Amino acid sequence: MYQYSDFDRQFVQQRAEQFRDQLERRFNGTLLEDEFKPLRLQNGWYVQRFAPMLRVAVPYGEIASNQMRVLAKIAREFDHKEDNDISNAVVALADVPSLPDRCAHFTTRSNVQYNWIPLSRAADVMDLLASVNMHGIQTSGNCIRNITTDALAGIAVDEVADPRPFAEIMRQWSTLHPEFAFLPRKFKIAITGAREDRSASAWHDVGLRLLRNVDGDLGFQVRVGGGMGRTPIIGSVIREFLPWNQILNYLEAIVRAYNRFGRRDNKYKARIKILVKAEGQSFTDQVEAEYKDILEQDGAPHTITQAELDRVSSFFVAPDLGCDRKSADAKIAHILKAAAEDDIEFSRWLTQNVKPHQNPDLRAVTLSFKRLGAAPGDANAEQLERAADLVDRFSAGEARVTHEQNLLLPWVRCDQLPELWREARRLGLAKPNIGLLSDMIACPGGDFCDLANARSLPIAQALTERYQDLDELHDLGEIDLHISGCINSCGHHHSGHIGVLGVDKDGQEWYQISLGGSDGTRLSGEPVPGKAIGPSFAAAEVTDVIEALLDTYRAQRTDKETFINTVKRVGAEPFKTAANAVRVATARPTAAA
Amino acid sequence: MIAMTQKLQLFPAGSFDTEASAPGILALSNDADPREADLAGVHTVLLNFPSFSDGRAFSQAFLLRRRLGFTGEIRAIGDVLVDQVQQMQRSGFTQAVLRADQNQDVGERQLERYPTFYQGDAIAPQPHFAAATA
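Chains as they are written, first to last, in this note's numbering: chain E, 1 to 593; chain C, 594 to 727.
Where hints are given, some of them may not hold.
Claimed, not checked - With a Cα cut of at most 20 Å, we get these calculated SDA-like pairs of lysine to any residue:
#1 E:Lys37 to C:Arg628
#2 E:Lys37 to C:Arg660
#3 E:Lys37 to E:Lys186
#4 E:Lys531 to E:Thr231
#5 E:Lys269 to C:Ser646
#6 E:Lys269 to C:Arg660
#7 E:Lys188 to C:Arg628
#8 E:Lys37 to E:Leu119
#9 E:Lys292 to E:Trp244
#10 E:Lys186 to C:Asp647
#11 E:Lys186 to E:Trp244
#12 E:Lys576 to E:Leu476
#13 E:Lys292 to C:Asp676
#14 E:Lys560 to E:Lys531
#15 E:Lys292 to C:Gly662
#16 E:Lys292 to C:Arg628
Derived by calculation from the structure, the hints in this document are not laboratory data. Please read these numbers as outputs of a predicted model, since none were measured by experiment.
Please work from the sequences and hints to get the whole structure.
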């Protein structure tokens, strides 16, 4: 993975010093909250229902074992519920004693969050993070956010080119960009280097796809204006092919057009998707004209040199794991077959949690953080440390935080799979449910989040409890279940095959259920927002509704047809009917919500 | 690498109040395109921050300084805070009139942070990677 230079290290340390100074001015009263807010946000510090929330950047999801250990230390020593005075907090529906603390949380944009660190300890936490080249730079605020890619970047068998060097170069370019720190709204970029889009790129403000043109040259297809929220929109392609070395110049043109013309009068209409939709072709023309000026008048200063691409790429060469090719294939296949026959759970784990790799001797293994008794994507200090040990032993010291809120080990030798499985199982991280119903995405919801209308975690927990039976989960097959506590869509409900959206009616928790959304993967098909199946349901009805949807699928499916394909084939009607049949509290649905 | 010659000068609130409409001074509104402005005889362009979180003037300053090669003063007025002065300097501003409650010494300190940055800007157009290998 990318190794920090002295310059990079010094930069992060200076950022920590700058934030410490801002915090001191905030505490001595010379910096007011309104003015401090964007400064703390651009360092990852939110203020939530009970306590601040810290979002730590994990650029394009890549993380080293020593960084995981520091995240564990922060969870253990700083993420303390009892250090916060919550006497004045609006508790709403949250059951505070049951909320987890002393843990980190993996997010859908491959970052890590904490929910209980008091602001008074923020500067110390930032120093700790800086000690392992980590920070919270631009993980929030109206600026260019963490640039994401897919968890299989650099190892996927269907890869055209490794997106990580480009993601790193873009990370550096966007870091503390003087012109683009006060955009109309946040700005998210995703890059995929593979044929299958596992990065939800069409749902991003800018979605980039690496491809080769007819001459074999590498470049990007550029999409702009995707996004979730109140107005879910799939991004539009504004460039079919942009030479790879021009990507920073082109991004500059896009973001400048957005900074100048994006709406600032209404924050719900401030994302670039609204501008792109309103302007249509003239937006593209504007970007192209600006790009031309950058090339011809400014001299294209951010053209990426081959030397720079080579320098950055050199950090992403595969680790030498000393695989012995002679003993490889047959022997490994034999071991795995024997072990799998021996234990059906291992066999299932191989099927669900282990993915093929560019190197035939290696596999990508996902540790499942979707298990009973813990919120989706939560990892406590002990688990982070033990997982870091596995990362050292089995994956050359490197892991990936995934969009689906798990941890992926990218460099696992085939012959070590049985051992890794046993170790992961001991830690409770080997549940063979990756891609299945219980591998759901969920935001922190109303338990923590000030914006949420309803809680996500109790819904996730109830569904996890109901769907524990592995035979049943495997029979249901691959299903994207996404839960958001409000329309801001942090739980990506728009792209779920089944989406659950928390809504507020008269101060009560209600949930709108949608069907047929897609993030753009091969399983899910063309990216599209799901459609609501009717008026929202009471909290107590949600698990029964999901069960009714799944039962309908089982009744309607043809041989081996996936849930999403059945929905596409038969349409929403049979699902609606089944869902309405289990209404109790909402037996007479109104037109509302 | 181009030396940072255009250091931002900070001024207390109220400075220049009497010369707002003097000849040679052009006030550009935030929705104006600097490329359409008549800069003949203009020695100072005023760019307004209606709120410190409205970043349009950063792009306007960049276009004036870098695209149009404007060599006069670019002055930030309005909701100008010490925590944005470094951004202003890098975007091509040469003067910033601070909001009344802002501490000028704190502002001067912010200008000393980060000797260099990753990306090029209006003053030092080359990014770190190009400057480092030049």
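The hints, checked one at a time:
no., hint, result
1, E:Lys37 to C:Arg628, "violated, 33 Å"
2, E:Lys37 to C:Arg660, "violated, 32 Å"
3, E:Lys37 to E:Lys186, "holds, 14 Å"
4, E:Lys531 to E:Thr231, "holds, 13 Å"
5, E:Lys269 to C:Ser646, "holds, 16 Å"
6, E:Lys269 to C:Arg660, "violated, 29 Å"
7, E:Lys188 to C:Arg628, "violated, 29 Å"
8, E:Lys37 to E:Leu119, "holds, 12 Å"
9, E:Lys292 to E:Trp244, "holds, 16 Å"
10, E:Lys186 to C:Asp647, "holds, 13 Å"
11, E:Lys186 to E:Trp244, "violated, 24 Å"
12, E:Lys576 to E:Leu476, "holds, 19 Å"
13, E:Lys292 to C:Asp676, "violated, 33 Å"
14, E:Lys560 to E:Lys531, "violated, 24 Å"
15, E:Lys292 to C:Gly662, "holds, 17 Å"
16, E:Lys292 to C:Arg628, "holds, 15 Å"
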